[in-house]
Amino acid sequence: MEQKTQQKPWKYRVWNIGLPRTGTTTFCQAVRILGYERVKHNPRFEDLGELDAASDIGCVIYYKYLDYKYPNSKFVLYYRDLDSWLESAEFIYSKYPATTVDIAILRRMLVYESVTFDRQKFITAYYRYHEDVHRYFQDRPNDLLRLNITQGEGWEKLCPFLELPIPEVPFPHLNKRTDVYPDPKV
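Okay, so the sequence shown: first residue is 1 according to UniProt numbering, each after it adds one.
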């Protein structure tokens, strides 16, 4: 008896290469809603080959590798304005320092050149990273989508980019600090 292979509802692997605290958890939920099944937030390098979509610093540091290794992939750069991002980054990196876990130290040093929150180094990293992504994709505008969910962008930009229909559910917004810590001063 012949086995049928199930048709995937999507055409492209998709990698969110936005910095942490830009909506990386939300991205994973959004692509799951769109039919992606093999999705991981903050993947380890050895997991990348098994995934169809992923997000967070595990993609940030490997995006050029992912582009080379998986041609025809799509890349989404989630972003938010600098001050908003810095406030969120300071909160999370101060609350969860990674001074003893080697992989976290490595990743933070690669991206921020600091293990703990350092405002000036994070500002420099923010601009350096965004400039590098822009430079890398400058001749390939169809492969990179910039998306700012803090400004209300969502399905109307993501779905046409991935050539998928817009679902009849609201665009998710997960892992907001106010969901966990309702008082912004906490």
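Just so you know, the hints here were simulated from the structure itself, not pulled from any lab data. Keep in mind that a hint or two might mislead.
Capping the alpha-carbon separation at 25 Å, the derived lysine-lysine pairs in DSS-like fashion look like this [claimed, not checked]:
(1) Lys40 - Lys74
(2) Lys121 - Lys95
(3) Lys64 - Lys74
(4) Lys8 - Lys121
(5) Lys64 - Lys95
(6) Lys121 - Lys74
(7) Lys95 - Lys74
(8) Lys64 - Lys11
(9) Lys95 - Lys8
(10) Lys8 - Lys74
(11) Lys11 - Lys95
If you anchor each label on the Cβ, the simulated ranges turn out as follows [unchecked claim]:
(12) Ser114 - Pro165: 21 to 31 Å
(13) Val169 - Ser114: 15 to 25 Å
(14) Glu87 - Glu153: 12 to 22 Å
(15) Glu168 - Val101: 18 to 28 Å
(16) Glu87 - Glu168: 12 to 22 Å
(17) Glu163 - Glu113: 20 to 30 Å
No experiment lies behind these values; they were computed from the predicted model shown. Glycine included, C-beta positions come from ideal geometry on N, C-alpha and C.
Hint check results:
no.	hint	result
1	Lys40 - Lys74	holds (16 Å)
2	Lys121 - Lys95	holds (18 Å)
3	Lys64 - Lys74	holds (12 Å)
4	Lys8 - Lys121	violated (42 Å)
5	Lys64 - Lys95	violated (30 Å)
6	Lys121 - Lys74	violated (29 Å)
7	Lys95 - Lys74	violated (33 Å)
8	Lys64 - Lys11	holds (20 Å)
9	Lys95 - Lys8	violated (39 Å)
10	Lys8 - Lys74	holds (16 Å)
11	Lys11 - Lys95	violated (39 Å)
12	Ser114 - Pro165: 21 to 31 Å	violated (42 Å)
13	Val169 - Ser114: 15 to 25 Å	violated (38 Å)
14	Glu87 - Glu153: 12 to 22 Å	holds (20 Å)
15	Glu168 - Val101: 18 to 28 Å	violated (41 Å)
16	Glu87 - Glu168: 12 to 22 Å	violated (34 Å)
17	Glu163 - Glu113: 20 to 30 Å	violated (38 Å)
In terms of the numbered hints stated before, the structure departs from hints 4, 5, 6, 7, 9, 11, 12, 13, 15, 16 and 17, listed from lowest to highest.
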